[in-house]
Every structure is written in structure tokens, then in C-alpha cells.
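Undergrad: Here the structure of chain Z is known, so what remains is to put chain V in place on it, guided by the hints.
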Amino acid sequence: MDTGTISFRRKAADRAAKWVFRLCAFLVILPLFLIFFDLLIKGAKELRWTLLTDLPHPVGEPGGGIANGILGTFVITLLTLLWSVPMAVMCGIYLAEYGRGKFAATVRFAVDTLTGVPSIIMGIFGYLLIVIPMKRFSAWAGAAALSMIFIPVVVRTTEDMLRTVPVTVREAALALGIAQWKTTLFITVRTASAGILTGILLAMARIVGETAPLLFTALGNQFWQTRLDQPMAAMPLQVFSYAISPYEDWHDKAWAGALVLIAMVLLINVGARVLTREKR
Amino acid sequence: MTTRSGKNDKDLAFERISAFFAFAVLSLAVLLFAVLLRESLPALRKFGAGFLSGGSWDPVAEQFGALPFIYGTLVTSFLAILIAVPLSVGAAIFIVEFAPPWLKGPVSFLAELLAAIPSVIYGLWGIFVLVPILRDWLMKPLANHLGWIPLFRGPVYGPSVLAAGALLSIMIVPFILSVSREVLSTVPQRQKEAVLSLGGTRWEMIRIVIGQHCIPGIFGATVLGLGRALGETMAVTMVIGNRPEIFLSLFQQGYSMAAVIANEFAEAGGIQLSSLILVGLLLFLVTFVVNLAAKWILKKMVARASRGI
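Listed in order, the protein sequences are those of chains Z and V. Take 1 as the starting number for the first sequence in our numbering and just add one per residue. Take 1001 as the starting number for the second sequence in our numbering and just add one per residue.
Here chain Z stands alone, though its shape is the one from the complex:
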């Protein structure tokens, strides 16, 4: 009968579609496994303690590490957090607690806009604002560029997290006669603190891996450098310069450096997720 073949065709189409969607899901996560596999295989070769403790060696000289890059990444990230966290969290508090009207809408729009700006443009910003007046590349300029990426993300998560705090919590505190600013700071913000911290950690994981904004702000360095007004090394920069070099043993270092970098990023990332999960 006709209906039989039609229904057969429909069923076959249904089954085929199901396989196509399965294939899509497989193909989407396949690169993740490939990347991790290659990072482990190629990065493990150079993974020894000296990688974490030694300065880069010249081409051809065995050993050598990325210690200055690790230190630089720590310093630049800390420097960024130092002024970005208070600024972003306070801005988020304003938007969530007082933010009505035109001014708040403008701030929200600006923050949204900043979130979408390509990170390389933040590098231009750091260059024009800090490198040119100081007449040299510096850790300061790197941190300025990175904070432009960090701040909008944290403003948004802070506002969102504060909005999830029920109004009743605020009202209860106010009814007890606690001053409004104390209520905001010690009750509302505290209630949302796990969420806010998660946002900060996720944004931090992102800036730890950012390369483009550092290319012409922190610039990179082959030596120990602790002065903040001088060019400073950073892990992503070292991975980049090793990767595009023509030397085989530097390529190995790039893989090893990438392995360390991704371990760090994932550690922060997973830490942030665990933090939110425990809260629930």
C-alpha cells in the first residue's frame, strides 16, 4: 500500500536526521579532544621542573623554561585585579541597587559595548594611553589593556548576581534598622558573593590567556623583570613567539608552555564552577 511506503520514508528520514544531529554533536566536541590530546602528547616532552623555574635559553641550548613568563602573568594579572575588581564590583552595585534612569542605562549600554570590543583594540587603548606618555612598553600598560576586558564582564555578572538576591532579604535587614549602605555591602553583596567571585574568577581565567592586548603593551621580555614600568614577559606571549619561530626546539617549548597555560586557565575555570555548585 501507498501509505506503507510513505511512512517508511518518513521513518527513514527521522532516523537519518537523528544520526545527522548525533554527528553534529560529535564533530563539535571532537576538536576539544584533539587539542587536549596534542597538547598532552607534544607538551609533555618538554615538561620538566626546569620549565617552571628557568629563564628562556637561546636557540640550540637545551633546557630553559618559561619562569619569567609565569611570573609576568601573575604580576600583570594581579595588577589588573587590583584596580579592576573594586571598580567593576562598585559599578555593578550601582547598577543593581540604584541603577534606574538615563545615566544607568547609558552605563549599561557602555558596558555591553565594551564586552563586544575585540581584545586587540584594548591593546591599542593601552598603547595610546600608557605606552606613548611613558615612552616605553610596560606591565602597567598591559594591565590597563587587560582591565578593559575584565571590567565589563565583572560589572555584568555582579549586577546579575545582586539582582538574584530577593528583595525580602534587603527589607528584612532594613527593618532591623541596619543602615542602607551597610545592608547593601554586608547583607546583599555578601549573599551574592559566591556568584560575584565566580564572575571574577571566570574573567580572570580569560585575561590570563589573553595575548593580543599584550603584544604592544607589556611587549614581552626574555629576562627576569619585576619593575612595573618595564616590558614584562607573559605566558601567552611566550607561547606565541615560540610558536611562530622557525626553530624546532622552540616549537617544543611552545607546546609545553601552552600545556602549563591551559592547565592554569582550566584550574581557575573549574574552580569557579565548583564554587557556584557548592552554593546551590
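Read the hints as simulated data drawn from the structure, not as lab findings. Treat the hints with care, as some may be off.
To spell it out: a stretch of chain Z is covered by chain V in this simulated footprint if at least three of its residues, at any positions, have a beta carbon under 8 Å from a beta carbon of chain V; those stretches are [unchecked claim]: (1) 53-66; (2) 85-97.
In the DSSO-like style, the derived pairs of lysine-lysine whose C-alpha atoms are separated by at most 27 Å in a straight line are [what the hints assert, rightly or not]: (3) Z:Lys18 <-> V:Lys1010; (4) V:Lys1299 <-> V:Lys1104; (5) V:Lys1299 <-> Z:Lys102; (6) V:Lys1300 <-> Z:Lys102; (7) V:Lys1299 <-> Z:Lys18; (8) V:Lys1192 <-> Z:Lys11; (9) V:Lys1140 <-> V:Lys1010; (10) Z:Lys102 <-> V:Lys1140; (11) V:Lys1010 <-> Z:Lys102; (12) Z:Lys182 <-> V:Lys1299; (13) V:Lys1299 <-> Z:Lys11; (14) V:Lys1046 <-> Z:Lys135; (15) V:Lys1046 <-> V:Lys1192; (16) V:Lys1300 <-> Z:Lys42; (17) V:Lys1192 <-> V:Lys1104.
Computed footprint of chain V on chain Z; a stretch qualifies when at least three of its residues, placed anywhere within it, have a C-beta under 8 Å from a C-beta of chain V [said to hold, decoys possible]: (18) 34-47; (19) 166-177; (20) 186-195; (21) 222-234.
All C-beta atoms in this analysis are idealised placements derived from N, C-alpha and C, irrespective of residue type, glycine included.
TA: Using the frame of chain Z, we list chain V on its own:
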């Protein structure tokens, strides 16, 4: 909550302080736009609209036109969208409709993890793994057999517009996937059940219900992915070949707006620096418009879903 006795001094002070920080964030955004505009003015004055159509980038002759970079940015982003959208939407449908419950979480988590990988690592992997694979298994055979098609014309180098597009597609998948998933899950359950109860297969249900509901949302997700792809720097710089010329072939080297800034900025001065900043300003404006459009589409979509249409 203002009281008649006037707001508590400390409360007012706290509000003012937080408003000050909000103002500071706003100022940063304005400052960013202002310095980009100011520093790109010399190039804008010298080249005018010709900057957009000029095909030569010659620091020695101080002749700067951004067309090769604009072309490279557009082609690589378009390729990335072309590859990433069907895959992400398919994967989203799998997660929402077909995956057994124990698999939904892990698949979403792994896809999201793709967004956490630093772009320099994508670039590294691109140079040493993806580019050789594409060169030997895709580009060479295509150039040999279908080389008469301009898009597939050799010679095959490896670093190319195609490689950049493919790498970008992997990078934007998580963004398109997560938005598509959200859009798909806004479809009311009873509408899906209605189709199924009329004897429709699951595939027909997806086609009908999702086709009617989700096209604008998926379009929004696509535009969002495009915004990401346009501005991506490191990965593209590392695999596109960095050659400021326009070739029709996807197998040839190209250049992108973000890549030329990354490569030349630290050593540039004078009119070249200004030209690079002008490229940055253009990139800023384009991503701004694209992101705005994506947000607008998705907002309308959510509004529609909440009205239950």
C-alpha cells in the same frame, strides 16, 4: 528609599561613591572611542574614503589602503559562520531533543570548554596540527581535481584563508551553540507534543516547530558568532599567512584587520600608526554594529517567547 528627614549621610555617600565608579566605567568606554578617533584622524584626513577601497599597503611609500584586510576579515568570518552554524545548531538540537539525560550536561560542558581555551593555543594547534591536515587531506586533493574552480585554485601553501576560517569556526561554535540551545528550549512543550500527537515523527516535529519558532533566534546566534569571528586576532594571525593581497582562491594566503594590527603595531609610527589605528576604529565600529544587531534580534526573540507566541 528616601526618608523625609533626608537620606542618611552615609547612605548618600555610599550611593555617590558607587555612582562615581559607574561613571568611571562609562568614561573608560568613551575614552576608548575618543582616543581611537583622535589618533586615526591623520590617516582619515590623508586617505579619506579611499582607505576603504585602497588595495595597497605600503609602509615605504606611505600608501595605506585597508581593502585586503577588510576582504580577509569578511571572507574568514563568513567561512567560519558557514561551517559553525549548521554544526552548532545540529548539536543544539541533539542536546535539547535527542540526547539521553546523562549526556546533555557533559556535551554542553565540553562545548563550553572550547570557549575557555586561549586563542593563542588555538593558533599553536592550528599551525602544527590543523593546517597540515587541511593541506594534505583537503586542499591538495581539491586543488588537483577541482582546481579549475577559482575558489580552489592552487598552489597550496597551508597557511591560508581557508585554514583561518576553519580554525575560527571551532572557536565560535560554543557561542552559537549556547544561544541556539537556549532558543530551542523556549519552544513550548505543548506545541511539540501537538505535532507528535498528530502522528508526526520527531524530525517532522523539529522541522515544523523549530522552523517556525527558532529561525530569528538562530539568526541572532549567527550574528553573535559573526561578531566574535570578526575581531579574533591571535589564531587568525597565526594561520592566515599574513599577505596583504586579495586572491579569489581560498587556498591562498590572506590577511585580516586584527592580524595587521597585531603584526605591525609595535613597530609603526607616524602615518602608518595612524592607519593601523584607523583599521582598529573600523573594526570597533563593525563589531559594535554587529553585536548591537545580535542583541536586538535576540531580545525580540525572548520577548516573543515570553508572550508565548
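Undergrad: Work down the list of hints and note, for each, if the structure agrees.
TA: Cross-check of the supplied hints:
no.	hint	verdict
1	53-66	violated (count 0)
2	85-97	holds (count 9)
3	Z:Lys18 <-> V:Lys1010	violated (62 Å)
4	V:Lys1299 <-> V:Lys1104	holds (26 Å)
5	V:Lys1299 <-> Z:Lys102	holds (20 Å)
6	V:Lys1300 <-> Z:Lys102	holds (22 Å)
7	V:Lys1299 <-> Z:Lys18	violated (30 Å)
8	V:Lys1192 <-> Z:Lys11	holds (18 Å)
9	V:Lys1140 <-> V:Lys1010	violated (71 Å)
10	Z:Lys102 <-> V:Lys1140	violated (58 Å)
11	V:Lys1010 <-> Z:Lys102	holds (24 Å)
12	Z:Lys182 <-> V:Lys1299	violated (35 Å)
13	V:Lys1299 <-> Z:Lys11	violated (36 Å)
14	V:Lys1046 <-> Z:Lys135	holds (26 Å)
15	V:Lys1046 <-> V:Lys1192	violated (60 Å)
16	V:Lys1300 <-> Z:Lys42	violated (47 Å)
17	V:Lys1192 <-> V:Lys1104	holds (19 Å)
18	34-47	holds (count 5)
19	166-177	violated (count 1)
20	186-195	violated (count 0)
21	222-234	violated (count 0)
Checked against the numbered hints listed earlier, the structure breaks hints 1, 3, 7, 9, 10, 12, 13, 15, 16, 19, 20 and 21; every other hint is satisfied.
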